[in-house]
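When you line the sequence shown up against this note's numbering, it's residues 1 to 69, in that order.
Simulated from the structure, these hints should not be mistaken for laboratory data.
Mixed in with the good hints, there may be bad ones.
To be verified - Ranges between beta-carbon positions, derived for each pair: (1) Thr2 with His48: 16 to 24 Å; (2) Glu58 with Ser35: 17 to 25 Å; (3) Gln8 with Cys64: 31 to 39 Å; (4) Pro34 with Glu65: 30 to 38 Å.
Stated by the list, open to error - For lysine-lysine, the following DSS-like pairs were computed, each having C-alpha atoms within a straight-line distance of at most 30 Å: (5) Lys63 with Lys16; (6) Lys25 with Lys62; (7) Lys16 with Lys62; (8) Lys63 with Lys25.
Every residue, glycine too, gets a C-beta built ideally from N, C-alpha and C.
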Amino acid sequence: MTPAELDQHVELNERKIASLMRYWKHTIPTVEAPSREQFLTWLRMFDHDFDVLVYGIEETQKKCETPGR
Numbered sequence: 001m002t003p004a005e006l007d008q009h010v011e012l013n014e015r016k017i018a019s020l021m022r023y024w025k026h027t028i029p030t031v032e033a034p035s036r037e038q039f040l041t042w043l044r045m046f047d048h049d050f051d052v053l054v055y056g057i058e059e060t061q062k063k064c065e066t067p068g069r
């Protein structure tokens, strides 16, 4: 990996994290968004698959809406 490729990788991750944080705040405004570091951990856990995290946020939102919670 070249330094330029590494820079692109870091920039892409930062954009993903910023988008996920905005999506969390939009989807679940009553629950404080996790930290940047937590989103980065989840991205690493799921091989940087953005869609997996979006799905997780959506499932969390559904659980937050469940009556009796």
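Now for the hints, and whether the structure bears them out:
no. : hint                         : in the structure
1   : Thr2 with His48: 16 to 24 Å  : 19 Å, holds
2   : Glu58 with Ser35: 17 to 25 Å : 20 Å, holds
3   : Gln8 with Cys64: 31 to 39 Å  : 35 Å, holds
4   : Pro34 with Glu65: 30 to 38 Å : 19 Å, violated
5   : Lys63 with Lys16             : 23 Å, holds
6   : Lys25 with Lys62             : 14 Å, holds
7   : Lys16 with Lys62             : 22 Å, holds
8   : Lys63 with Lys25             : 15 Å, holds
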